[in-house]
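K.L.:
Taking this note's numbering, the leading residue of the sequence shown gets -4, the next gets one more, and so forth.
Honestly, the hints are just simulated from the structure, not real lab data. Wrong hints could be hidden among the right ones.
Unchecked claim - So the derived label-pair ranges between C-beta atoms look like this:
#, residue 1, residue 2, range
1, SER126, GLU288, 47 to 57 Å
2, ARG262, ARG175, 27 to 37 Å
3, LYS292, ARG114, 34 to 44 Å
4, ARG175, SER1, 42 to 52 Å
5, GLY256, LYS117, 26 to 36 Å
6, GLU249, GLY121, 21 to 31 Å
7, PRO74, LYS270, 24 to 34 Å
8, GLN113, ARG175, 16 to 26 Å
9, GLU288, PRO109, 48 to 58 Å
10, ASP255, LYS117, 44 to 54 Å
11, ARG208, ASP177, 44 to 54 Å
12, ASN120, GLU267, 19 to 29 Å
13, SER1, PRO74, 44 to 54 Å
14, VAL291, GLU267, 28 to 38 Å
Stated by the list, open to error - Pairs of lysine-lysine, DSSO-like flavour, derived with a Cα cap of 30 Å:
#, residue 1, residue 2
15, LYS292, LYS0
16, LYS0, LYS270
17, LYS292, LYS117
Just so you know, these numbers come straight off a predicted model, no measurement behind them. All C-beta atoms, glycine included, are put in the ideal place defined by N, C-alpha and C.
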Amino acid sequence: MTGLKSSAPPSASASTADQTDTGSANREATNSEATSGEHRRRIALCLQYDGAAFCGWQRQPRHPSVQQTLEEAIASLDPPSLDAQRPVRTMAAGRTDSGVHAAGQVAHFETSGPIPAQRWPKALNGRLPASIRVVAAAEVPLTWHACFSATYRRYRYTIHNGRTPNLFLAPWTWHRYQQRLDEQAMADALAGMLGDHDFSAFQRAGSSRPHARTTLQEVMVDRQGDLVVVEMQATGFLYGMVRLVMGQLVAVGEGQLSVDGFSRRWRQQAREQVKEAAPPQGLCLLRVGYPEEVFVKSAWYDGQPRFALAIPDPPNPSRSA
């Protein structure tokens, strides 16, 4: 088993204005969330979900989303939210794409109802589908925001790098079996991205961000037998960034792209050369960080374990013959 981890120097940081991948809609919502008159409380939730069941976090007109499913469950428990003038609205730390999982997504909503914060997880889990679980809740100040108060987001991408298909790994990994990946080369390529940079090469079309700069704080590449795990932590991620990075990293790991070639593509903002994105099922939003702890530490236990047991390298038939 190998573990290759790199971090940016402490000075490499960005303001909270650069930390969102959730678009301008959330920014506009912050001005209208706090209300006067009746006592309003803001509740923060830590939740997990199986992304395969949804079109992503954000509401969509004709497809199931995590946001809509969660808001409907909250409204069923919070009668004031049924008021057409004040429908329940959740704000998330990260707007995950269709098929992307979350082990530590954070969202908040406002309520004037009587349910204590600590009772929300059990109450919501009784109304949510099995593909969404709320693992913790906490009451936070009205000035606290799941997205804009965050100092980092951490994602994990898992690759199944073995030749034999595995039905039980398939929903959570990218089965890349053509050849053994060089995790050291992948780690070297990823380490060069640490710090504050323009990552236009790794941004999909359709982003609402006014710029493509963000600060990559920490990276890690780890092999456990046939599983290669890549983690990236940043102040914020561009639209589609992690999956585009992973598509290029796998090319490096397979020897199709050099470490220098990888670096040139993103430093020269050569978006036209970044053509392949990794599939969504291998990606998981692992956790979100804040200046002060919001949830009990148990909520942040590795919610997406690197599978219960390390998978050993397969035996060499020639040795046993």
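K.L.:
If a hint holds in the structure, say so; if it does not, say that too.
P.N.:
Going through the hints against the structure:
Range check, SER126 to GLU288: Cβ separation about 27 Å, and the 47 to 57 Å hint is violated. Separated by about 28 Å at the C-beta atoms, ARG262 and ARG175 satisfy the suggested range of 27 to 37 Å. Restraint check, LYS292 to ARG114: a C-beta distance of roughly 20 Å breaks the suggested window 34 to 44 Å. Remark: the range hint 42 to 52 Å for ARG175 to SER1 is contradicted by a beta-carbon distance near 22 Å.
Hint check: GLY256 to LYS117, Cβ distance near 51 Å, so the stated range 26 to 36 Å is violated. GLU249 and GLY121 have their C-beta atoms about 46 Å apart, which leaves the hinted 21 to 31 Å range violated. Restraint check, PRO74 to LYS270: a C-beta distance of roughly 51 Å breaks the suggested window 24 to 34 Å. The hinted range of 16 to 26 Å is not satisfied by GLN113 and ARG175, whose Cβ atoms lie roughly 48 Å apart.
Separated by about 26 Å at the C-beta atoms, GLU288 and PRO109 break the suggested range of 48 to 58 Å. Take ASP255 and LYS117: their Cβ atoms lie about 53 Å apart, and the range 44 to 54 Å holds. Between ARG208 and ASP177 the beta carbon distance is about 29 Å. The supplied range of 44 to 54 Å is therefore violated. Taking the beta carbon of each, ASN120 and GLU267 are about 45 Å apart, not inside 19 to 29 Å as hinted.
One distance hint, 44 to 54 Å for the beta-carbon pair SER1 and PRO74, holds here, with the actual separation near 50 Å. The supplied range of 28 to 38 Å is broken by VAL291 and GLU267, whose beta-carbon atoms lie about 47 Å from each other. Pair hint LYS292 plus LYS0 holds up; C-alpha atoms about 23 Å apart against a cutoff of 30 Å. Simply put, LYS0 and LYS270 have alpha-carbon atoms about 27 Å apart, close enough for the 30 Å limit, and the pair holds.
The hinted pair formed by LYS292 and LYS117 meets the criterion: a straight-line CA distance of about 18 Å does not exceed 30 Å.
Against the hints set out earlier in the document, violations occur for numbers 1, 3, 4, 5, 6, 7, 8, 9, 11, 12 and 14.
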